[in-house]
Amino acid sequence: MPEFSSLPTIITLLIALSVASERVVEMIKGLFWRQLNERQEDPGREARRRVWLHVLGALAGVGVSALAWPVVVEVVPGDTSWLTVVALGLLASGGSGFWNTILTYVLNIKELKKTDVEQARGAAGAARPLPQPTDGVLSPGH
Amino acid sequence: MTAPPLAVLRDTGRNRWANWHENFEQRLHKLYDVWNAEPNRSTLAGYNGTTRRLQQLLQEALDTGRSVRALGGGWSFTPVAATDGILLNTRPLNYRFPIAGDQVHPGFRGTGPLFFVQCGMSIAELNTYLASKNLALPTSGASNGQTIAGALSTGTHGAALTVGSIPEYVVALHVITGPGRSVWLERQSYPAVADALAGYVQADLVRDDELFDAAVVAFGSMGIIHGVVLEVTPLFRLNAWRKRVPLDDALWGRIERNDYAGNTLPGAGGRMPHHLQFVINPFDQGGGAFCTVMYREATCPAGSKPAEPFAKVAQGDGALELIGLLTDVAGDLTDDLAKLLTKLGYKEYDNRCGTPGQIFKDTTTRGHAASAAMGVPLDRAREATALAVRAVQQAKAPALVALRFVKASPATLAFTRYAPVTCVLEVDGPESARVRQAYRAAWNALDAAGIPYTFHWGKLNNLDRTSVRFANRYGSAVQHWMDARARLLPTPELRRLFANAFTDHLDLSD
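Same order as they appear, the protein sequences are chains A and B. For the first sequence, counting from 1, position 52 maps to 52 in the numbering used here; every step adds exactly one. For the second sequence, counting from 1, position 165 maps to 165 in the numbering used here; every step adds exactly one.
No lab work stands behind these hints, which were simulated from the structure alone. For every residue, glycine included, the Cβ atom is placed at its ideal position computed from N, Cα and C. Mixed in with the good hints there might be a few duds.
Stated by the list, open to error - Derived pair list, reagent style SDA-like, types lysine to any residue, alpha-carbon separation capped at 25 Å:
| id | chain 1 | residue 1 | chain 2 | residue 2 |
| --- | --- | --- | --- | --- |
| 1 | B | K347 | B | N263 |
| 2 | B | K30 | A | P131 |
| 3 | B | K30 | A | S81 |
Said to hold, decoys possible - Residues from chain A that face chain B, not an exhaustive set, calculated with beta carbons under 7 Å:
| id | residue |
| --- | --- |
| 4 | Q40 |
| 5 | P43 |
| 6 | G95 |
| 7 | P129 |
| 8 | L130 |
| 9 | D135 |
| 10 | L138 |
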């Protein structure tokens, strides 16, 4: 179960995987499958082109995640398996732009939480060390 | 006579405040940290200087039509202590004065030593302080971050079968009721300190059972509780066990009769439980409920192991928050995540032993948590528990249902009001839509079944001024409490000064 604090690390991993899988897709498109680079006039063919791009992106994501296995086991908390690789690959195929945006949101939320915590803790008196007064005597003159 | 050194009010510059469990945020006019003029030395002059400065602030608030509330530890799940006016962080106010033998009232009927402590002392601080003198608080809540005045004002309880809640060992209050007056309040039937002491803190001495019982649980609406006198007890140890046990007919029979003679609870060995709690995971009842039982001992029994924290995951943990988010999105995860919640927070153990301060450790984590607690008579506890469990199951809420048993309190608005022992039925989980849905379902089910119940003042509830849940449960006690408040705060302006949205909502402000 990832703690909220580990989410930025996981998202950063996803960004790296996304960038790498995008490069892989670009290479495949440029070297072996040039039609995928060209927008199609026919709506049906264009839809098929998009589907293939998604499939290619997902496969590239899974492949890159598998190659990054040593990093994945370090970053993803808990038990990891081949399902983790598939899941990360599919998530990475969302694109680095998408994950960059998510990372920004998460970091902003983290910052807000930090501010809230500091504010509430300040209000609870923890911002300054609390005094440790000596015992008093409950009588006049003391 | 020289004027006492005035307390320092430090304007925090903040105009919003969030409670410890982060389930609400309050906008406000000012938030002040209050510091004694001589914070490192408890002195009567310093104490009186703080009273005087707070009274000046009350005058300023009256002049500008703002309300004033003392914050306490910010532990409550409801805005019971909050105000949109002036909020005072009294946490740094932690003077302590042992009451000398010749300062005890000759008619004092108690046995424990007395201590006069300032409102900001936390339960954790008191545990440490008293343990250093081989003394202890008779009971506290399961966590220790509350201030003594805050815990008192909301009727905070633990699970002490024979002791009750925090108000039971507070024997005198020093309440600042306005710019020109403060009151030293004790029960007529249980006088605590010599008359002269009220004069020392420049307060009017009032011994009145009805007034005391009303003021002791008043959630800050009867003035600023500046100091309290605690009747403490010689330091004791709690020999603690936590095991899964079946909540079967035999055990329910004992609970309903409040009869634990010859019980077979974990580790009993012929002993009567001091602290008793059951936690039920509504999604995993096969192995029974987690029974936490503690036996009071003067010293740790031979062979016992050092104390471990009461719960490893407390309300407020980040894990709770994440569980809430996940189950809101995917309800099917609830079953597994509720199991995870119990796995994280409720590990079985046996034969642990420690002082109360060692058992009820610091709760330092926080997050969006939710907690509701209802006081239920023992003879309806089984039925109420079944309804709460069903509500959680139907809502697929990642929440646990807990039962604690607390001796009934004589405080007028104590929610632990069902004698001889009130069953406190708690539903705790992350702050999430499913958990809220479970609360609503549980409350509706209790209403439909005609089960009488009250709400913990510091926890989530759906009380309002027209609610039968409020008026019918407390009956004439509400009017007695209002009458007492009017006696302590004789003008509408003073009553307004210490009112807030919570008291407005319940029609208790005037």
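Checked hints:
1. For the hint linking K347/B to N263/B, the alpha-carbon distance of about 23 Å falls within 25 Å, and the restraint holds.
2. A distance of roughly 23 Å separates the Cα atoms of K30/B and P131/A; the hinted pair therefore holds under the 25 Å criterion.
3. A threshold of 25 Å between alpha carbons decides the hint, and for K30/B with S81/A the separation of about 54 Å lies outside it, so the pair is violated.
4. A distance limit of 7 Å between C-beta atoms decides the matter here; for Q40/A the minimum to chain B is near 36 Å, and the interface restraint is violated.
5. The closest approach between the C-beta of P43/A and any C-beta of chain B is roughly 34 Å, which is over the 7 Å cut-off, so the hint fails.
6. With a cut of 7 Å, the hint placing G95/A at the interface with chain B is violated, because the nearest CB-to-CB distance is about 22 Å.
7. For P129/A, the interface hint is violated, the least distance from its beta-carbon to any beta-carbon of chain B being 10 Å, above 7 Å.
8. Given the 7 Å rule on beta carbons, the hint for L130/A holds: about 6 Å separates it from the nearest Cβ of chain B.
9. About 6 Å separates the beta-carbon of D135/A from the nearest beta-carbon of chain B, less than 7 Å, and the hint is met.
10. The closest approach between the C-beta of L138/A and any C-beta of chain B is roughly 4 Å, which is under the 7 Å cut-off, so the hint is satisfied.
Taken one by one, the earlier hints fail for this structure at numbers 3, 4, 5, 6 and 7, listed in ascending order.
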